[in-house]
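Use these hints to put chain B onto chain A, whose structure you have.
Order-wise, the sequence lines are chains A and B.
Each residue of the first sequence is one higher than the one before, starting from 1 at the first, in UniProt numbering.
Each residue of the second sequence is one higher than the one before, starting from 1 at the first, in UniProt numbering.
Treat the hints with care, since some could be wrong.
Put simply, identical chains are the same to the list, so a pair is met inside one copy or across any two.
With a straight-line cut-off of 25 angstroms between C-alpha atoms, the simulated BS3-like cross-links for lysine-lysine are [unchecked claim]:
| # | residue 1 | residue 2 |
| --- | --- | --- |
| 1 | K343 | K148 |
| 2 | K45 | K8 |
| 3 | K307 | K259 |
| 4 | K148 | K333 |
| 5 | K298 | K280 |
| 6 | K338 | K148 |
| 7 | K280 | K8 |
It is worth saying that the hints were derived from the structure and are not from the lab.
Chain by chain, the residues run as shown.
Number of protein chains: 2
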Amino acid sequence: MWNGIIEKYKDFYDIKDGEAVVTLNEGNTPLIPAENISNILGDIKLYLKYEGLNTTGSFKDRGMTMAVSKAVEAGSRAIICASTGNTSAAAAAYAAKAGIKCFVLIPNNKIALGKLAQAILYGAEIIPVDGNFDDALRIVREIAEEGKVTLVNSVNPYRLLGQRSGAYEVCDQLEGKVDYLSIPVGNAGNISAYWAGFKDYYAAKKIDKLPVMLGFQAEGAAPIVENRVFDEPETIATAIRIGNPASWDKAVAARDESKGLIDKVTDDEILQAQKLLASKEGVFVEPASAASLAGVIKLSKKGYFEKDKNVVCVLTGNGLKDPSVVSPEKELKVYSVKIEDIKAIIDKTLGSDQDG
Amino acid sequence: MWNGIIEKYKDFYDIKDGEAVVTLNEGNTPLIPAENISNILGDIKLYLKYEGLNTTGSFKDRGMTMAVSKAVEAGSRAIICASTGNTSAAAAAYAAKAGIKCFVLIPNNKIALGKLAQAILYGAEIIPVDGNFDDALRIVREIAEEGKVTLVNSVNPYRLLGQRSGAYEVCDQLEGKVDYLSIPVGNAGNISAYWAGFKDYYAAKKIDKLPVMLGFQAEGAAPIVENRVFDEPETIATAIRIGNPASWDKAVAARDESKGLIDKVTDDEILQAQKLLASKEGVFVEPASAASLAGVIKLSKKGYFEKDKNVVCVLTGNGLKDPSVVSPEKELKVYSVKIEDIKAIIDKTLGSDQDG
Numbered sequence: 001m002w003n004g005i006i007e008k009y010k011d012f013y014d015i016k017d018g019e020a021v022v023t024l025n026e027g028n029t030p031l032i033p034a035e036n037i038s039n040i041l042g043d044i045k046l047y048l049k050y051e052g053l054n055t056t057g058s059f060k061d062r063g064m065t066m067a068v069s070k071a072v073e074a075g076s077r078a079i080i081c082a083s084t085g086n087t088s089a090a091a092a093a094y095a096a097k098a099g100i101k102c103f104v105l106i107p108n109n110k111i112a113l114g115k116l117a118q119a120i121l122y123g124a125e126i127i128p129v130d131g132n133f134d135d136a137l138r139i140v141r142e143i144a145e146e147g148k149v150t151l152v153n154s155v156n157p158y159r160l161l162g163q164r165s166g167a168y169e170v171c172d173q174l175e176g177k178v179d180y181l182s183i184p185v186g187n188a189g190n191i192s193a194y195w196a197g198f199k200d201y202y203a204a205k206k207i208d209k210l211p212v213m214l215g216f217q218a219e220g221a222a223p224i225v226e227n228r229v230f231d232e233p234e235t236i237a238t239a240i241r242i243g244n245p246a247s248w249d250k251a252v253a254a255r256d257e258s259k260g261l262i263d264k265v266t267d268d269e270i271l272q273a274q275k276l277l278a279s280k281e282g283v284f285v286e287p288a289s290a291a292s293l294a295g296v297i298k299l300s301k302k303g304y305f306e307k308d309k310n311v312v313c314v315l316t317g318n319g320l321k322d323p324s325v326v327s328p329e330k331e332l333k334v335y336s337v338k339i340e341d342i343k344a345i346i347d348k349t350l351g352s353d354q355d356g
Numbered sequence: 001m002w003n004g005i006i007e008k009y010k011d012f013y014d015i016k017d018g019e020a021v022v023t024l025n026e027g028n029t030p031l032i033p034a035e036n037i038s039n040i041l042g043d044i045k046l047y048l049k050y051e052g053l054n055t056t057g058s059f060k061d062r063g064m065t066m067a068v069s070k071a072v073e074a075g076s077r078a079i080i081c082a083s084t085g086n087t088s089a090a091a092a093a094y095a096a097k098a099g100i101k102c103f104v105l106i107p108n109n110k111i112a113l114g115k116l117a118q119a120i121l122y123g124a125e126i127i128p129v130d131g132n133f134d135d136a137l138r139i140v141r142e143i144a145e146e147g148k149v150t151l152v153n154s155v156n157p158y159r160l161l162g163q164r165s166g167a168y169e170v171c172d173q174l175e176g177k178v179d180y181l182s183i184p185v186g187n188a189g190n191i192s193a194y195w196a197g198f199k200d201y202y203a204a205k206k207i208d209k210l211p212v213m214l215g216f217q218a219e220g221a222a223p224i225v226e227n228r229v230f231d232e233p234e235t236i237a238t239a240i241r242i243g244n245p246a247s248w249d250k251a252v253a254a255r256d257e258s259k260g261l262i263d264k265v266t267d268d269e270i271l272q273a274q275k276l277l278a279s280k281e282g283v284f285v286e287p288a289s290a291a292s293l294a295g296v297i298k299l300s301k302k303g304y305f306e307k308d309k310n311v312v313c314v315l316t317g318n319g320l321k322d323p324s325v326v327s328p329e330k331e332l333k334v335y336s337v338k339i340e341d342i343k344a345i346i347d348k349t350l351g352s353d354q355d356g
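Chain A with its partners taken away, still in its complex shape (with noise of 0.2 angstroms):
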């Protein structure tokens, strides 16, 4: 039985026999062989780890287990993050399954609707701050300095320690042969963590070989691609809408060290990879999670692939966070109960070499 990322990677992560140990059984997510997007592209094959099918809904369940353990341990009676989404689903479903509180600070504007439910119900106080989500941030870290709360963004190294075990699982799914890995970049973590946890990988001899980093930012909030700080960042994906990453230089060194890149893709390229992956593969994601194939598209069409290499693309949360862009309220023409009117409908779509 799956007991969660501690339990199994427990070598790897430093928890001592009766330490607290809060899982909601994150991990063992899902390496889906994406045959019809290879196909088409024709290089390279691809593989799509499915981080939307953890428990809350994304990768942040990797680090919110070690955090939230490590907050219990310590004896903490709260928890707080700044968060535009994900982390606050995260947060506050590990402190309702721990018993103890969870504060999220929000930047007051376009939060996902299915997100915000999430901590809502989770039982989590959300406070909406009139500002974007580096202030939040700025004061989060702030109030946890004085050591009440723990502070439970990424800056928790906890944080990214846990979510180290997405690269062990990819290795292990692929039994060490991941030639690339393409992953979006907001706030730099995963990007961090994924490097870490391959050297840790190499180290332990678990691995021959690492892979090479490819990141995405949205065009609109490309700090790291674009070398500056991004005072208003702006994408349709506001999961990776941020213009100062917390991870900034990690990140840059797992571009280099893995002789990679990190590159920007446009809200359009991301939708089009959101549509491609629903469509094609039959995996729903939400915006930013298609950054990571919208990049891999863009190198593929410039012939940046060796042939049939596995490239890992990192699919960071669920589509059902953030139904909106898909506008399902366009009008659909109501028909009556006439089995000839569906019938007609059924012909017309399947073509005229349809013989009865």
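Leaving out everything else, chain B in the frame of chain A:
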């Protein structure tokens, strides 16, 4: 590497070498020990089989991998279903993966936004009909009889075969020690499939006792409980708002053979159970899923359970499918970015026993 339920449980599925297998790596969902709710109830050991972590967000994926694989093997170019939501999402996703068309007939009322968004993005043709679920089901059955398109509603026998894997997994995860299995009942396919799955495992000597089956319908859609068709079924739990279940007889047999029961719970009990799952266990489910826990709570209060037995609640779908019930639109006060304001909120929430 987990490659879906057909590969994992090939001893139980009659798929020959070379036959088509259309999979989204469904199954392998966590069984989460619900220590907090167990402590509140005081009598049982509660486990949550969180089926919301299947690839399209519900248990329907287990049956759809079988149904679509067999449709493709038979040369079908399209599948069709009537659906209030979860079935349409699963059908559309597996059709996308298989590269065939999917037609979804929906009743023209009260469809959860998240569910329809999925089917649309996966590329299905959505056909709203002027009638209820039972009208839609009657039409698709009639159309499928002509043989052009394959019906993938639960009357498709492969659906229930696939869904048996939920029972196999629960047995594997609890090493056979499942005393009670609690499950929401709508179209009644899933309770029938679980019971058949347990009997498969018993016949194969993988378990040495069968669990007691506990099914729960919503009060406003309780045809099996009241032994009458509901012409106008009504409940907030849209996924089980069904007045004339397709697998009625099988569900009654599962109940009677296992010496279990099928009872009803109110919408209020369902919403209370949904909130308890989120706020005590960090697990967010759609309302229909919470019917299984609502029923267990009802029975626990009556002293139904023997002490310390393992009770598994099947949580059929992800809460993100239907976040509207959470009402996060309530007015949240926006705070200025002054640290003092935020500290005051935290101190007030944590109470006076927190001494700086």
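Hint check results:
Within a single copy, K343 and K148 get their C-alpha atoms only as close as 66 angstroms, which misses the 25 angstroms cut-off; across copies the closest is 10 angstroms, which meets it. Taking identical chains as interchangeable, the C-alpha atoms of K45 and K8 lie at most 25 angstroms apart only when they sit on different chains, with a minimum of 23 angstroms there against 28 angstroms within one chain. Taking the closest pair of Cα atoms, K307 and K259 come within 25 angstroms of each other only inside a single copy of the chain (18 angstroms); across copies the shortest separation is 59 angstroms, beyond that limit. In this assembly of identical chains, the alpha carbons of K148 and K333 lie at most 25 angstroms apart only when taken from different copies (23 angstroms versus 57 angstroms within one copy).
Taking the shortest Cα distances, K298 and K280 sit within 25 angstroms of each other inside one copy (18 angstroms), while across copies they are farther apart (44 angstroms). For the homomeric pair K338 and K148, the shortest alpha-carbon distance between copies (18 angstroms) is at most 25 angstroms, but the shortest distance inside one copy (66 angstroms) is not. Taking the closest pair of Cα atoms, K280 and K8 come within 25 angstroms of each other only across two copies (24 angstroms); inside a single copy the shortest separation is 32 angstroms, beyond that limit.
In this structure, none of the earlier numbered hints is contradicted; all agree with it.
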